[in-house]
Structures are given as C-alpha cells and as structure tokens.
Amino acid sequence: MGHGILLSADANIDFMIHGITKYSFFGHEVWITTTHVCVLIVLLIIAGFSIAANRVLVKASEVPTGFQNVVELMVEKLDGIVNNAMGRNAPGFYNYIGTIFVFILVSNISGLLGLRPPTADYGVTLPLGVLTFLLIHINQFKHQKLKDIWVDMCSPLPPWLPIWFPINLISEVAVPISLSLRLFANVLSGTVMMALIYGLLGWIATIWPAALHVYFDLFSGAIQTYVFCMLTMTYINNAIGDA
Amino acid sequence: MDFNENFILGCSAIGAGLAVIAGIGPGVGQGIAAGHAAAAVGRNPGAKSDVTSTMLLGQAVAETTGLYGLLIAMLLLFVKPLLP
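Chains as they are written, first to last, in the numbering used here: chain A, 1 to 243; chain B, 244 to 327.
Hints are supplied without guarantee of correctness; some may be wrong.
In silico DSBU-like links for lysine-lysine, alpha-carbon gap of 30 Å or less [to be verified]:
(1) K22/A / K323/B
(2) K142/A / K77/A
(3) K77/A / K291/B
(4) K59/A / K77/A
Since the hints were made in silico from the structure, they are not lab data.
Chain A extracted, bound-state conformation:
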C-alpha cells in the first residue's frame, strides 16, 4: 500500500533520530538517541583540537609557525566578530560566543563526516536559545534599573497604562523560540534534502551531490552559525543598553 513517494520509499530515506538504548530516570523513560552520540563525537573533535592547540600554545614562539598560526588566526577572527558586534561590552563575552560559535559550526558541518548534524534536533537548539534568553535577561537586570525595564516593557504607552505589557512579554518569550527554530529548521532542511537525494536518486548520486554538500552543509551551516551568534550578541548588547 503506497502512501505517496515520500512515505513509500522510507526504507531508503533515513533522516530521523533513532533511539539506541533507554533507561529509567526516576520513573521516566529516557532514551539515548543518535543525537547524543553525534554530540559526543562533535565534542570529542573539539576537545581533541583544543588539546592539540593547548600543546602548541604552551610552548608558543614569538613568531608563530604552522599550527600555532592557525590557532591564533581562529582566535583573532572570533574575537574580531565579537568586537565588531559588541563594542566595549565585548571583553566579557569572548569566551561564551567563541564556544557556541565553534560548537554550532562543527555541529552544522558534521554532515560532511556522515553524522546526522546534532543541530538538526530541536533538543539541541532549544537549550542554546534558552541560554541566550537567560543571558539577555541576566544582563538586563544587572545593567538597567527596574523602573527602566518596566517603562521599556510598556513601551508605546505610558508606564501607568500597561496594556502593551502582555504583548511585549510575548515578544520577549518569542526570542529564544525563533532563534532556536531558525537554526533547527535550516539544518534540518539541509539534512532532509540530502537524505532525499541519496534515498530517491541513489542510483545516479555520484560526485555531483558534493556541490550540494558544499551549499547545505558548509555555506548554510556557516551562515546560520554566524547569524545565531550575531543575533545573540545584538540582543545582549541591547539588554545592556547605554548604562
């Protein structure tokens, strides 16, 4: 019984998350999925690179050569991005933005290694969005007065008439959701597209899918990484304000 081409051919097309083992966590059934394994592989790659970079930088020379050049270039580029976006608030955020940048970038381009990109799982991108949300509001409460925040939340109307407050509240809550859904949907669409090409056109899929990999994995992944970090920095900068 065929359910259309997409659903009948799903023996070949596989881009879903699969459970590997399950265990009981205080009575809840919790699954270890392929996403966990892919995140672990990504973290091992990053950790390996970090250890190698540390080895080199411990005995760094004044004039960098070889691998030290690469590491210094990466750090300078990342710090440059943060500097451009955040101005004088930048020094506190080099570490955080650099970390999520490297993690999301390696996750997005891990499709090239044959992994299912971890960021194509909403369970990975939502925590990233929630982290941004927490950072926005922690910084807002740290750097602005409560009264200013209240005036801002009632913004088009005067502060004694909080009719717009619920609407502004919804727009605040929408920030992490739209951030995480943007990253998730972009990476997922690339994953689905590649799965469809390999599944339905597998008999002629030689060499030319490489071009699509360059677009969907490298280009789209890099752009979305940049956009996620850029938006995070912009929101945090707005929250800090001029104080």
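With chain A's structure known, arrange chain B on it following the hints.
Frame of chain A, contents of chain B only:
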C-alpha cells in the same frame, strides 16, 4: 465521524504543499535585500564587507517565516499529528 487513514494522509500532504507556499514571502524579501545590497556595494565599494554581513543577517532573519512553513510541512508529512 471517522475518516479513512489514507484520506487523512492525503489531506496532510495537501496541507504540507500549501504550507510551503510560505516560501514566496522570504524569497521576495531576500531578493529585495540582495538587490539593495548590490546597489549599496555599487555606490560604495569600500563598504563591501559591512554591507555583505548586514545583508546576510537580514536575509537570515527574513528567512524565518518561510522556515516556519517548512516546519509545518515536515510535521504534517513525517510526524503525522492528525492520524488518530
């Protein structure tokens, strides 16, 4: 009222097709952004890198609504929430 499973799947497929019509808006919006960015680089070639990064950021934000349509389509096709 109970419907045949195939009927629900067919309607889900039609709904998925309708949902990805949402791609029209971001297409037009990204095209406008790219056109204006090209004009800006033409006027001021020195600011090319700034214009490009601003354009990419704006395009990625404009893309979001289209991606929501895509997500709805994927949910209808692969998660099949309407099946009993």
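Hint by hint, here is what the structure shows:
As the CA atoms of K22/A and K323/B are separated by approximately 24 Å, the hinted pair is consistent with the 30 Å bound. The suggested pairing of K142/A with K77/A holds, with an alpha-carbon distance near 29 Å, which does not exceed 30 Å. For a cut-off of 30 Å, the pair hint linking K77/A to K291/B stands: about 18 Å separates their Cα positions. Only pairs whose Cα atoms come within 30 Å are accepted, and K59/A paired with K77/A is accepted, the gap being roughly 22 Å.
In summary, this structure violates none of the numbered hints.
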